[in-house]
Amino acid sequence: MIATAGGAQGPVEAGRWPSRGPRLWEHPDVRLFAGRHRLPRSVVERIQRDRLIDAMIAVAARLGYQDASVEKVITEAGVSRRTFYDLYSDREECFLAAYGDVASSLLVLTYDAHRQGSSPRERIERTLAAFFGFWADEPDAARACMVEVLAAGPAARAKRARALEALATLIEADLGRLRGSDAPAPLAALAFVGAVHELTYMRIDRGETADLPALARQIVACELTPLSAGVSE
Amino acid sequence: MPVTAGKQFTSERDIGPLDATERERLRYAVAAVVAEHGYEGATVSRVAERAGLPPAALDALSADMAGCLLAAYDDAVDHILSLIAGASSAGGTPQERFRLGLGAFLRFCVYEPELAHMCLVDVNAAGSPSLARRSDAIKRIARLIESEAPARGPRPAEPDEAARADMPERQPTLVAVMLVGAVHHLAGTRVAAGQAGQLTQLAPEIERALAPLVETIAAPSSGGR
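Chains A and B supply the protein sequences, listed in that same order.
Taken in order, the first sequence gives residues 1 to 233; the numbers are from my numbering.
Taken in order, the second sequence gives residues 1001 to 1225; the numbers are from my numbering.
I should point out that these hints are in silico values taken from the structure, not numbers from a laboratory.
Any given hint could be a false lead.
Stated by the list, open to error - Where chain A lies over chain B, by a calculated footprint (3+ residues, C-beta under 8 Å):
#1 1047-1055
#2 1066-1072
#3 1082-1096
#4 1100-1106
What the hints assert, rightly or not - From the derived model, a few chain A residues whose C-beta atoms are all more than 12 Å from chain B:
#5 Ser-80
#6 Arg-81
#7 Tyr-85
#8 Glu-93
#9 Val-108
#10 Ala-129
#11 Glu-148
#12 Ala-161
#13 Leu-178
#14 Pro-186
#15 Leu-187
#16 Arg-203
#17 Leu-215
#18 Leu-224
Ideal placement from N, C-alpha and C gives every residue a C-beta, glycine not left out.
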């Protein structure tokens, strides 16, 4: 039995990126690129799309976005140039798709983690743990989507801005409560996300992605402990 | 700020390092050209024309637009650092020094929106070298904030570029990076949206948002964590 990753046009599956399991083409029963196969076209397209997205992430992480040419990505993916252009108009569109997959998975994980907290502080702590754990598990995605995305053009930076805004929205009510108000604190939440982002960026840029989970405790000590003092939840 | 006419150059001008006035003209010209044409549409010849410099004058600095952008960015970061340091030095407490430095940076964004856009948004377009420059700038500002945080004492001078190259890099503290990251994100979001003008009005709210971090870095026993 082959567990498919979903339809070619379907939404991104929750958690596909960090805990995706084996890809379809890694299954011993799949002989997609050597000899005949009877897989539906939609499944084949999905496999090719996933291979290209994995390849784009790997190449952008290894060489930087500017050197992540279509040639290098298709070589990494083991697919033809024609297949690439059947799916994407150019490398930017491929990178945007890769970023979208990663960001969607990150947001699903963080929103799930946030829901499990029973107090404002615990919800933020769990969100931070999920955020850092995600990147630590996927160092290539971390470099491509936290560092190289900045050099990937205005559309990529706009996607990045929307992802960070979604994270800020997630915690703005909790930060408001920790600051003694029933009203959300959107500006404080944006500042918090910016602070966490910069720390994360710096660690990834230094090649210390595996150490990211330890940051959560330090951030809580700096940012949340002063706020928590004397605030009932 | 408009680029002033300044002295005129001929195409036979000796090629050499730009002086301070020329670099300032270059800084504003790069920001204006990128604002008008986007990074993809910006060219060295457009920058030179806007700056009132012959293209040959820029060859000594850089042969391409990426080099021009990075040179302008480096100059602008030096300018921002001097604005922050100058403003914060008037403060008596760490909290006051941070508030004054923050105010200086926000006023820069309001009154120099094209330069702010170049520094916070456009610089990333030049690829890996620009990302490295961005990181370096964040660290320099974070170290400046650290140096302003302890109880009042003589502030060590910011080492010049040559001296920095010979020194092992000292990583800024976690809290200082968080503060710079928070301000960078808040300002960058507004500047990118063409709303830089809101930043001075938002200053009190931004100060409140950052208060826990400022208190942490100002605490005598924290060591900046």
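- If you check each hint against the structure, which ones fail? 1, 2, 3, 4, 11, 12, 13, 14, 15, 16, 17, 18
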